[in-house]
Each structure stands twice: as C-alpha cells, then as structure tokens.
Amino acid sequence: MLGDRATAINTSVEESMLRERDWELLPHDAFIRDNIREEDILIVSIGANDVALRPLASTVWHMLRLAWLTQLSSLQNGSAWSLSYFQHLLGTKVQDYLTKLTSKTKPRAIIVCMIYFPLESGQTSWADLQLKLLGYNSNPAQLQTAIKKIYDIATRQIKIEGTRVLPCSLYEVLDGKHKDDYTARVEPNENGGRKMAKKFVEMLEGII
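Residue numbers (my numbering): 1 to 208.
Possibly wrong hints are sitting among the right ones.
[What the hints assert, rightly or not] The calculated lysine to any residue pairs, modelled on SDA-like cross-linking and capped at a C-alpha distance of 25 Å, are:
1) K195 <-> L143
2) K179 <-> R194
3) K199 <-> R5
4) K100 <-> G162
5) K179 <-> A127
6) K148 <-> D34
7) K100 <-> M17
8) K179 <-> D128
9) K93 <-> D34
10) K159 <-> Q87
11) K199 <-> A52
12) K148 <-> K195
13) K198 <-> P167
14) K148 <-> L64
[What the hints assert, rightly or not] Computed beta-carbon distance windows for the label pairs:
15) R65 <-> L129: 11 to 21 Å
16) A8 <-> T105: 10 to 20 Å
17) E202 <-> A57: 34 to 44 Å
The hints are simulated quantities; they were obtained by calculation from the structure and are not laboratory data. It should be emphasised that the depicted structure is a prediction, and the values quoted were computed from it without experimental measurement. Idealized CB from N, CA, C, for every residue including glycine.
Work out the full structure, taking the sequences as your base and the hints as a guide.
Have a look at this one:
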C-alpha cells in the first residue's frame, strides 16, 4: 500500500497486557524507546487483553456492570458509572505507556487504536464463553455502544507533548458484521488485517 515510502517493524508481544508495563517496559517496548526516530510513525493497540484475555477481578466486575446493569442510554450519554474505570484503563494508563515509549525521542505521529468489534455470529471461538457472559451473543449493541463511548472519553483524549496523536476507531473497519474479516470471532484474518492496514494508510496521508 505504501510501497517504498515506509517499512513496518512489528514489535508486538502476543497475549501481553498493559498492566505488565505499569512499572517497567517490556524488552520489545524498550527497543522502541531506544530506537524510534523523529521521522517514524508509532502505531499502538494495547489494553484489549487486560479486558478480554486475563482481566483483573475489578475489570470483570465493571465489564459485567456495563453488560447487564447499565441502561443503553447511560452508555450513550456517558453517565454510566463504570465508564470511568475504563476511561482510566484505556485512556490514562495508555497515555502513561506512550509517554514511556517516547521518553527519549518523539516520533512524527502516534496512531493509538481502540479495539474493533468482535464478530457477532457465524464462527466459533475460544472467546465464546466470555462473549456470552457479556451478553454479546444476544445483544451486541450494548458492548458495541460501550466501546464507542470509551473511545470518545479515553482514546480520543490521549495527548503526548511534542508529537501528534491520531486516535483510530478500528470498529469502523471491523464492525462485527462480516465473518470474512475474522478468525475465531475476535481475531482479524488476512482480509481483516488488510482493511486495518488500509485504514492506517488513509490516516497517514499527508503525514508521510
């Protein structure tokens, strides 16, 4: 898509969590901190595993509150009590992480992502039980609305002095409707990955 205009380096750590970086960066993170250049673009998607893969008890409690004990209207207007928990987790803590990553050199821009919607139906998954417990199988709009609102109050509010932060709502690309974009409901397949890459390229037009 970008041809010889850019080279991508993937330093992601599978199944790693944001909270693992609370006190010290992982080696892959330290590599970014020590080697990122002013002309580089940093793309970050982090925090989803803290919610879906190995959540703390407090995270489980607030997720269940959002899923079962919260009116849709209070999610839409931002008054739902548990939203503040995720504002801190996916806003403040992500901003702190990005500050550490860019403490030595500020890149040209940072794309910070909000997670895509899981596939609503049409596949089986290791996450079927989790999605069922969150009511996603019967009422996906509840969790989807929560994701949208958390994007507004958390991801879009992230600021890093000295660089440009571009919030990216991946749920606009993978909207949970098309099984041809997913593997096991919660992972993008090759087609889904291509759609996300296209989104990144569109966001970077005029920057690179």
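Status of each hint after checking the structure:
| no. | hint | result |
| --- | --- | --- |
| 1 | K195 <-> L143 | holds (22 Å) |
| 2 | K179 <-> R194 | holds (14 Å) |
| 3 | K199 <-> R5 | holds (16 Å) |
| 4 | K100 <-> G162 | holds (13 Å) |
| 5 | K179 <-> A127 | holds (15 Å) |
| 6 | K148 <-> D34 | violated (33 Å) |
| 7 | K100 <-> M17 | holds (15 Å) |
| 8 | K179 <-> D128 | holds (15 Å) |
| 9 | K93 <-> D34 | holds (21 Å) |
| 10 | K159 <-> Q87 | holds (14 Å) |
| 11 | K199 <-> A52 | holds (24 Å) |
| 12 | K148 <-> K195 | holds (19 Å) |
| 13 | K198 <-> P167 | holds (15 Å) |
| 14 | K148 <-> L64 | holds (17 Å) |
| 15 | R65 <-> L129: 11 to 21 Å | holds (19 Å) |
| 16 | A8 <-> T105: 10 to 20 Å | holds (18 Å) |
| 17 | E202 <-> A57: 34 to 44 Å | holds (39 Å) |
When held up to the earlier numbered hints, the structure conflicts with hint 6 and nothing else.
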